[in-house]
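*Asks:* Got two chains here, separate frames each, mind docking them using the hints?
Residue numbers (the working numbering), protein chains in the order written: chain G, 1 to 363; chain L, 1 to 362.
Think of the hints as simulated: they come from the structure by calculation, not from any bench.
Idealized CB from N, CA, C, for every residue including glycine.
You may find that some hints are simply not true.
Listed next, the stretches of chain G that the computed footprint assigns to chain L, with coverage defined by at least 3 CB atoms under 8 Å from CB atoms of chain L [claimed, not checked]:
1. 68-82
2. 109-115
3. 164-177
4. 251-260
5. 339-351
Partial list, derived from the structure: chain G residues whose beta carbon lies under 7 Å from chain L [claimed, not checked]:
6. E62
7. F86
8. L87
9. I88
10. L128
11. I144
12. L146
13. R188
14. G280
15. T286
16. A312
17. A316
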Amino acid sequence: MGETPSRSADAGTGGIRVASGQERPAGAPARVAESPVSTRTPGGDGLGGGGGLPRARAFGAERAFRGLTLAAGTTVLVIIAAIAGFLIAKAVPALRADTANFWTYEGWSPNDTTPRFGIGTLAFGTVLSSALALLIAVPVALGIALFLSHYAPRRLGTALGFLIDLLAAVPSVVFGLWGRDVFVAPVRDLSAWLNQYFGWIPIFGGDGPFGKSIMLGSLVLAIMVLPIVTSLSREVFLQTPTANEEAALALGATRWEMIRTAVLPYGRPGIIAAVMLGLGRALGETIALAMTLGITFGVSFNLIENGGNTIAANIANAFGEANDTGRGALIASGLVLFTITLIVNITARAIVHRRREFTESAA
Amino acid sequence: MTTTIANQHPRPPAQPPSLRAKRLPRYAAPAIALAAVVVAAAIVYGAGIGGPVLVVVLAALLHLAGLFAASNAVEGRRSARNRTWSALIHSAFVLAALPLASVVWTLVSKGVERLDGDFFGTSMNNIGARDPNGGAYHAIVGTLEQVGIAALITVPLGILCAIYVVEYGRGRFAFAIRFFVDVMTGIPSIVAGLFVLAFWVLVVSPVFNDGRPGFSGFAAALALSVLMLPTVVRSTEEMLRLVPAPLREGAYALGVPKWKTILRVVLPTALPGIVTGVMLAVARAAGETAPVLLVAGGGAAINFNPFEDNQSSLALFVYQQAGDASRYAPARAWTAALTLVALVLVLTVAAKLLARRNRLGR
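The shape of chain L in the complex, shown without the other chains (with noise of 0.2 Å):
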């Protein structure tokens, strides 16, 4: 809904020429970035303080400038702001574009290095510093494991708080527990990772562990729950919102009770946009390096019980083998960055697809 009626943005009409007073040529703009480029050019190489990165920054400057002095001399001050912000906002774009499409560029070139079979197949058990093999096998098992059990948590008790907030809440207190839900969304993930360790890993689970602490995969996912959970719940609350009212009314009217027209009716129609929400937070919480570092303790060998011993994730393995001193270590951890991210935007990507297709729309 936003989206068609926000597409409609007006562009100011292009005016016939005769009613303006006069306007820049439209060779104008290339021509003062012609001579910026040479005067820059000219500049560096002439006083020798800089190579060719140095000429495109002079030059864009010297552009802005002569663009604004020109235009001034011609249109008037206010189309020259006009230019000049333009160009300055135009800009903006290319400067972000550049670091971003490297690293898209670097990813993408320095990952397909390890991409095989035995990358995806093994594990990095009994692998030295001289071998050129090893893979993230274990890590792939963490990081699914550590997930899903973290969407098990999350899922249900998200589901049900906002169904709280949304259908029966009142006053006070479901405006603090959205206000808190809403707080929660900017816990660090390092924070959250200590939390879990100080409760879980150090105090709890001593209890069934002779008093060890007890690094798991459980721990990982425990802290992975806290960071999905806020996710989950607002964009629960605002699909269940989404809902018409006369569909509720229409249960009602027939009799069914709150709870089940919640169930059966309520949450039938929003559950496209809840998946979305869910499958969103997921991609998010995949990605988590620092609380699965903390609580899970990272391991070299497949470990497929999550609730014992230590278990590595893909961000894990990705940090770890960076740190790794071995001249293999750093395509290992390329590989895996490449894997961990097309995981992520693989939710992603079908997470907003599937939101494009949701009838009550945004």
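Extracted from the complex, chain G is given alone in its bound form (with noise of 0.2 Å):
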């Protein structure tokens, strides 16, 4: 009761409206009126002052309602602590089997009568692709949300924000597709115009074959995480305050210097959180991975060279042939993947909790 006055302006509707009240002054009035109406309490176990009204009932639909929707809310927890706990009990019994250093050994073969696999390959190679896809994308991706926010034409920048937002909901599946069967022509040519002229840098080095490599792998992720991470960003450019631009306008500045200077700063949290589920949904990615790697074992930072896997890729290519032990070292390297995402996906709703509530469409 303390923190939260009354049900209908609680404490999540109440945020909403503060922080977005400066965005959109025309909504604001009728926020304002409904506030003090709404601290009184009807209903619920507060009686107020209606000693004429009914007393709660302790087993009534009111209760039952309530308890359901608890049981409802509950099962989230319930969900997160079971994958938690049903991994970690899969896991430990072929994590025991193992008998090469998990975190070390170069290599994945459980299946084995002495079991030997390492994680270590595979956590890499699945943070130097996101990595190098968000490198590849965000840059781009914040671009074509400026483009589509501030320099396009009006009806042209939503005809075309519908697209790519239409593109975000293309299965990863086809991009995968795509990536193996036509973007490899193209990602080949230039890994060996880049080994032909630039071979003396260790990341184009080697002597072929290319084409199904760590860069066509990133390439494909990078258009795959774009469309998501330009629809996340370019909401919030859209709803920075009119006022600020006008304000950097009036100053003097050039569009540029307007959008340096006040749609950016604004922006920021946003930015980064489009970019944080942008790095989870990269760090996640099976199939397109799985259809686009060269899977080899090793760390190498060659990037043109058929090789790379990731965690995700390596469970649905080697799940096929996995026994017992396979699938419980699987289960481990998912575990591993688990818990890298949550580190990131917490950081992420840390950042924008800290400012203000941030609502994605295309998650």
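*Replies:* Spelled out as structure tokens, the structure:
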């Protein structure tokens, strides 16, 4: 009762409206009007001054419904706990059976009589491919988002924004198929060219074959993450207070200076959240990478030679012939992936919660 | 609400030229672009280091540099920066449009090859590597059943959960639920698949199944509902919060109990928005491959029973056909991909159009 004085203006509702009140002055009056009305607590446990009201029954429909919703809410916590619990329960026996060091061993043969498998190379591949994908996707995505929100004509911007939202919904297996059948040819040419002229840089070294490389995987991943980051950050850019933009322009700022001084600082938490969500998506991406990476085990920064592997892609590829220990080993690797994404997500949410409510429609 | 206000973005006003010191003439940018192309072509073909693609890339870089230099000389540094960033932002758009357009074009051009009645009417049962026919009927059945069951599980659970968070929940516990719903949005689909594998397939279902692990369409539906739940909860929550408080207060004033108010007043008002959220979640779940691969196993025959034996799904069908060595497999994979994208996009577009008609708006 203390922090949340009334039910219809409960903490969340108030928070959103207070935060968004600055952005949308038009909506503010309606909201202001309702808050004083709702300070009384109708129904529920508090009977207020209405002595004539019927007393709350101990086992009524109200209690039952409330209990039902409470149970549904608790289910979420139960599911999260169960995910962690069951993964750990299935992973531990396999980890016990592992005869090599789980963190450093470079290889994955859990189905042998002496199971040997290690997560190191897979985790490395996951982080490397996701980081590269974001490195490519984020600047481009922010550019597109700015183009759609501040450069393109309004109608065009809205139409293209809608299109980008649609692209965010295209299943990853389609991107994987496209990367494997179509995109691999230009990437192979590019790799050969890079190798010919920049082969002295270690990341472009090696002597082939090229094609199904970390570079292909990261590029496909970047193309997949692009619509998500774009649509989230476009939404944030559109919410920039008009007054700030007008003030910047009135002081003689060019359009870019207006964006740099008004739009970007305002949208920073939203951008960070969008990037983190994109990172979460990239880290967990399975099928597209299983189809585009040339599966190898080994820590290598070479971007253009066939190779690369990630935790998720390895699960999809190795699941078919896994025996009991093999499944346990894959579940153990999934647990590591779960932990990584959990850390990324919690960080993202913490950043978002700190500043203001940020709603995502694409996620 | 957001859109109407956000659309009124100010444009820098056009200023009369007399007040400006100097501006680049209008033909400057195209002229620099032309010069950049010529110089780039001369460099690339002169040194023999690449083809037309390299010419375009080099020309774009030269154009940026030339534009900056020219603008810097005539208009000053600030204007030069403005022009360069503007060019960069426009080129980011072109850069991203190319691969995305290529995806769409490939999907359509390769997908129509097998778009025939046979594809939608037959399964892959008894289809060998040399058979050009075969279809995705079993996969379509699987997708519809799995997504349908997942929606049946998720929709009531998600809506009730959102009602708790918005209407009843207070303090730490409700905050924890909201926070973990947010966190759950980011769970990778493969982890959801592994969870159902560890929980349902390997532990619970052997009890009914003589100890054999029970790969089934229902297991896939469970995994999909883990993925759908946070989306449904989040969107329902947002919609419930948008229901105007006076509506609720009116109902309370008439003596309607809270639960009835929620069911009869709040939910119907928020319904279009909730349906939109559910449809988006369904669209996303229909495209998931990894969980189905892990817990439904995929099969070649038609299996209408989601509770027993392997089932396939469209996304999994694409993946399996892509990995198939038969020379007829890629065509099947592309057609299945086209079908899948059509299904997902129809759902998404319908959801977005519904959202646009929503009275509550966003």
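*Asks:* Now tell me, hint by hint, if it's right for this structure.
*Replies:* For each hint, the structure was consulted:
1. 68-82: holds (count 13)
2. 109-115: The restraint on the region 109-115 of chain G is violated, since only 0 of its residues have a Cβ under 8 Å from chain L and three are required.
3. 164-177: As far as the region 164-177 of chain G goes, the hint holds, because 12 residues have Cβ atoms under 8 Å from chain L.
4. 251-260: holds (count 6)
5. 339-351: holds (count 7)
6. E62: Holds, about 5 Å.
7. F86: holds (4 Å)
8. L87: Because about 6 Å separates G/L87 from the closest Cβ in chain L, which is inside the 7 Å limit, the hint holds.
9. I88: violated (9 Å)
10. L128: violated (17 Å)
11. I144: holds (5 Å)
12. L146: holds (5 Å)
13. R188: violated (13 Å)
14. G280: At 4 Å from the nearest chain L Cβ, G/G280 passes the 7 Å test, so the hint holds.
15. T286: holds (4 Å)
16. A312: Since the shortest Cβ distance to chain L is 5 Å, the answer is holds.
17. A316: Constraint on G/A316 satisfied, holds at 6 Å.
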